[in-house]
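Asker: Here is what each chain is made of, one letter per residue.
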Amino acid sequence: MNRRIAIALLTAASLSLPAAAIAAGKYDDGASDTEIKIGNTNPYSGPASAYGQIGKTIAAYFNKVNEEGGINGRKINFVSLDDGYSPPKTKEQFRKLVESEKVLAIFQSLGTPTNSAVHAYMNREKVPQLFVATGATKWGDPKKYPWTMGWQPNYQAEGRIYAKYIKQNLPNAKIAILYQNDDYGKDYVQGMKDGLGDMASKMIVAEESYETTEPTIDSQIIKLKASGADVFFNVTTPKFAAQAIRKIAELGWKPTHFLNNVSNSVGSVMNPAGPENGVGIISTFYTKDPTDPQWKDDAAYKAWSAFMDKYYPDGDKKSSFTVYGYSVAQTMVKVLEQCGDDLTRANVMKQAASLKGLELGMLLPGIKVTTGPNDFFPIEQMQLAKFNGKSWELFGEIISGEAGS
Amino acid sequence: MTADTEVTGRAMDRERRIAGLTADGWRKAVMALILAAAVALPFGLGSFQTFQVTLVLIYAIAILGLNILTGFNGQFSLGHSAFFAIGAYTSAILMDRYEMTSYLTIPIAGGFGFVAGFLFGFPALRLSGLYLALATFALSVATPQLLKYNHFEEFTGGVQGINLLKDSAPFDLPFSVDQWWYFVTLAIALLCFWMARNLVHSRTGRAIMAIRDNPIAAATMGVNTALYKTLTFGVSAFLTAVAGALSAIVVEYVAPDSFTFLLSVYFLIGLVVGGVGWIPGAVIGGAFVLYVPNLAEGISTGLAGVLFGVIILLVIYLMPSGASGLVRLAVTRLQRGFDQDNNKA
Amino acid sequence: MELFLNQVFSGLATGSIYAAVALAVVMIFLAIDHFNFAQGEMAMFSTFVCWALLDAGTPYWLAFILTIAFAFAFGVVIERVLFRPLHSAPVLSHIIAFLGLFFILNNGAGWIWDFTIKPMPSPFPEGSISGLISYHQIGMIGVVLVMLALLFVFFRFTSVGLAMRAAAQNPESARLCGISVGWMIALGWGMASAIGAVGGMLIAPVVFLEPNMMLGILLYGFAAAIVGGITNPAGAVAGGFMVGVLENLVGTYIPFVGSELKLTVALVLIVAVLMVKPSGLFGRTTVTRV
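Chains as they are written, first to last, in the numbering used here: chain W, 154 to 558; chain L, 279 to 623; chain E, 355 to 644.
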């Protein structure tokens, strides 16, 4: 007991913090006067490894925070494990993080099937499962799952934004949809159908799915073209999105093309697909596209760029993943700062649910992170953009896609 | 190849006593020791480690199933993730949709596995070696897609999978949930290994191995090759499906992404590392596929795959016939050591 | 009708991908008598080497030739260093070693070059013939056929080719004739690796280059090789085109299958073919000696 007080005093002295604040420190597993332990799982191996960049960016950002003195004098200890995108492995790694590593919270674990495997477990153990890296709607259900929260705009809401645009601007559209055959793809399709309402069955003339193991999706595109559709809704991950954009150009098909946010990175989709093939494609954004020249002199962009150069020099500065990781890590840091010296799991959730109009440098101007006890959808705003052959041009208002419901 | 030497070896062993015990006695003593350790284990471990060891046992049962087929019958399979998935989904659907008690779902899952394996055994009769490898490879690649298939979604939960909750220990037994399911898994594993051992040493077992060693000779001797091959496929799939059912209950979640062909690859690695055609090897194989990737990750996250691959290659170089070779070597060495001591005395 | 034509041509184009891989599969089978599960990863790795050379400013055809040379050496070295010591180990140990190699190359490539997709330039002009098939894909079919012809000449008319066939079919007798069986195997590895690299460099412009590029393709390559007859290069190429077209037509015209199950159905059909003709459509039946 004496030793602990001594250490506390020592820390207090060295950080010249008011001793009273330290004495009032309340901690759960994973937090102490000197450290905050945060867990994470990411697919660093297997077919989904491209996403591993997000985990690496977050780790780099926490290094930066630690080098600059940490959060309220405490260093972040970020334990990021590989789950290979396999649900049973995720369960094992989560239990390791919670029971063996004794982390305060798990943050930004990636993937819908993987997070589904631990959804019930985390809520039973009452450990925060914060800002999961997936856009499924089920992460924003504070009544049933008060310990789980998403971060990015959810897929269904984005689908509804496109539906709204189509209803207003292309009322006679015949829509063809290509989607990845998993929860992510189906959520987008659901959002589109909900948004179209009664018109859905009339307007959607063709739907095709693909598996991630397929070498190409040419066959699906040909079928969709043959349906006579004049609107194409592209719900695919980067590799297949690039293939689809190129194949459509090759076929000489000229639909109004809506591309999901997941794959609108200029560096990893539009350029590989051939930028001239992408002219006129419409997508939505909530973060700044790092390849967009309009942000060249933006202070926040410069800060991000400097961070990448210093802390993650191997990282891809053309990829939206690094922007994503950077922004979500900032959100987490904000939550921990708000926690002050009350680093209990309950308080982490409470603070995560009381973000009021938080602005992050790399989010589009006007888009804010807002949560509340009944609002577990931190980002709900997006803006439409059209590709001009070089970069995305934002247009229209900032749209709020209402959550779930 | 191993069975004959084992049998004759044992006959010789019977007469020789080492440190006052016959070879059989030694075998029993070692078994008893391992069993005692296995029972004591969860009391010395945290709940997470207990959960991990439970997973090791589950993998061991699945690998045992593969071993029966590949090690003893010479049929090659890269498709055992499919049978594992059948077991897991049978259990999950029965528990979730029909509110059946979890214990009862395990034998039913095994039954479904047996039927599936038996049926798959028929086309497998016409295919051998590479062709069977391709057919089973195709089976495991197709499994996640079938599980996602729209028209089955009502039962399988589609891409969302099924969430489950495992029962805690009954009758107010003083075990935590993890401990309880460790013991359930241990009991089932022991039963499976005992069954497998008896099968291999039975008349049927000899027929199964005769087919592996020389199918044409076996057929001329009057062994019904087709029947035994399909039956072996069934038994093998039964064991793997039981493991799948246990995994669904213990992990408390099933989804199509849990049963990719990589799982089959892991079973195969576990089989070879443990020792093809050696029953206890399955446990070593199970431990290998669970712990070694974690070990590799502990050394370097970015290079975990490279390290895992290197470790696999090293294991193959050092023990070309898996752990079974190593254990046999150790036993022979020990015996020789004792013999020399005895001679000196 | 337009849909049908489109699907057939797209199937042929995709089929040329499978055919290229199937050729490499047949090549390694002729040398070592079974599959190499790391074959796809070796091709992927070589393609990355080509990409890195191009990235450093090497002209395309020079990079192409350098990559083939690299791939050949890579194959020979892997055989000599990794598999030579295992030559007396059981087949299953070989398969595990292939899987070990698979993990090493897949993760290694991701570690060196990252997992984001990379565009790979094509040596052929851009554009397509009225949207049916692109020039790149025509070029690819051409290259596959040229490789096939070269293999045919090699096995039929050169003494090394004959020696390699002898070494694979009857190692004992081959040894007695003074053929170095070990080096023939190494040569087979080198050639398979080089063929795979050519395939990889032509596939990457279509599917984009990334470490998991060959994961799905390899299965189709195996299927194509087996349907066509595993010992027959021409059969394997034909098998590749057949699988490509079949898969597209099944996905388009059998309503309850759709795109969701087209792989499954294609595989079921392949297994069915094998049950009727166990040595593939163009393979020779082998008689087992007791």
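Read the hints as simulated data drawn from the structure, not as lab findings.
These numbers come from a predicted model, not from an experiment.
Hints are not guaranteed to be accurate.
To be verified - Computed list of lysine to aspartate or glutamate pairs in EDC-like fashion (alpha-carbon distance at most 20 angstroms, straight line):
#1 K444/L with E252/W
#2 K471/W with D468/E
#3 K291/W with E432/L
#4 K471/W with E550/W
What the hints assert, rightly or not - Among the chain L residues that face chain W by a calculated CB cut under 8 angstroms, a handful are:
#5 F326
#6 F329
#7 L424
#8 Q438
#9 N441
#10 D445
#11 H479
#12 A533
#13 S536
#14 I577
#15 T579
#16 A582
#17 V605
In this text, a Cβ means the ideal position worked out from N, Cα and C, and glycines have one as well.
Asker: If any of the earlier hints don't hold here, list their numbers in rising order.
Answerer: 4, 7, 10, 11, 14, 17
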